[in-house]
Amino acid sequence: MSVESAPAVQEKKKEALFSKKNIRILRDPLDDNNPVTVQVLGICSALAVTVQVKPAMIMALGVIFVTAFSNLFTSLLRNTIPNRVRIIVQLIIIATLVTIVDQVLKAYMFDISKKLSVFVGLIITNCIVMGRLEAFALAQKPWPSLMDGIGNGLGYGIILVVVAVIREIFGAGTVLGFHVIPQWAYDHGYVNNGLMVLPPAALFVIGVYIWAQRSWNKKLVNVS
Amino acid sequence: MEHLLNLLIKSIFVENVVFAFFLGMCSFLAVSKKIKTAFGLGLAVIFVMILTTPLNYLILKYMLGEGVLAWIHPSLASVDLTFLSFILFISTIAGAVQLVEMVVEKYAPALYTSLGIFLPLITVNCSILGTSLFMQEREYNFAETAVFSVGSGIGFFLAIVLLAAIRERLRYSNIPEPLQGLGIAMIITGLMGMAFLSFSGIQL
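These protein sequence lines map, in sequence, to chains A and B. Number 212 marks the last residue of the first sequence (this note's numbering); no jumps. Number 260 marks the last residue of the second sequence (this note's numbering); no jumps.
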């Protein structure tokens, strides 16, 4: 923690670590500026891992780790990266972090790692990571960048887990492997929805989520 | 031969990169407002895909696999560098896109201006890296890799042009305001995915 907070302490203004501004940077991506539903970033690999809740949560944690630290490191290096080759530098930073995540998963959670298959590697090309580096970390100090990274990772994670919960409940009748639809419902003819475990269902769920969010939050209408 | 043809059909229709694996969704949604730009991006993706996936196969096979460096020195026989594949794959792709960009700019300036920003953005198109990673995970040989990259590229091209065509018509329809734009695009993609599901089980 001391390493991460050091640059912020050196700021002239002596801004508090959890000042209102920094909290807003952390909280905005959760709803008003959500990376998936508002900025339209990172939908790529988001949906393929949402058949069950557990892989979705692990995936979300991996993405939070990568967005947070790639933002931090890019921000620390922002004055030494030449503008022309910045994409390659950013990709190397991201690819290194993703390799760490992949190796940790393979060592400690092999079955989950098999289930996520190529989608861990695809965090590299997840537009959220690159988008936040370009839009935020290249121009901001390390501490706000770290907050922005965590916020955007969390915003992504929330969508992922919400979609996964809906798909697992309706597709398999379970949450995290526990049965939530009682047996008497099945006895009375309730059937799991087979469509929910197929890829298109993720798109329907997220489409309806966006619809609901924009009906609730009118200022998001027509952002893209 | 039949096996390769099957793989081609499978990668274009049954396991379409966009509808079955959600790869390349970002540019798929962002660049599908007009058929013309969608067409250009689709062609560029096919080209980069065909260039980089076999290249990545050769790198994986002759530089990273266990024991392939033994010809340098016998003590390297037990070295397994597969964990470096992410970094090398993405570097190959970034380098190849840069190269393509330079060549196109020099020899086909008209195409270069019409593709504009989309050319460099192909680097972060998930479908390119995804194809390389699938190639590694499924342990394809060289011929299969080549066919698979062609099929995935055509699959992406087909998907983005189809969606662009639908979205051009969509401008004249009466959609609830909060659902306009991204929301309806998602639901349409889902419906198209369902249509593509009906290809499953096709065998030649």
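There could be a bad hint or two in this list.
With a cut-off of at most 20 Å between alpha-carbon atoms, the simulated SDA-like pairs for lysine to any residue come out as follows [what the hints assert, rightly or not]:
#, chain 1, residue 1, chain 2, residue 2
1, A, 94, B, 192
2, A, 102, B, 140
3, B, 162, A, 102
4, A, 102, B, 192
Hint data in this document are derived by calculation from the structure and do not stem from the laboratory.
Checklist entry - Regarding the pair residue 162 of chain B and residue 102 of chain A, is the alpha-carbon distance no greater than 20 Å? => result 44 Å, violated
Next on the checklist: Check the hint pairing residue 102 of chain A with residue 192 of chain B against an upper bound of 20 Å on the C-alpha distance.
Outcome noted: 13 Å, holds
Checklist entry - Does residue 192 of chain B lie within 20 Å of residue 94 of chain A when you go C-alpha to C-alpha? => result OK: residue 94 of chain A and residue 192 of chain B at ~16 Å, within 20 Å.
Checklist entry - Are the Cα positions of residue 102 of chain A and residue 140 of chain B separated by 20 Å at most? => result 18 Å, holds
Of the hints listed earlier, the one the structure fails to meet is number 3.
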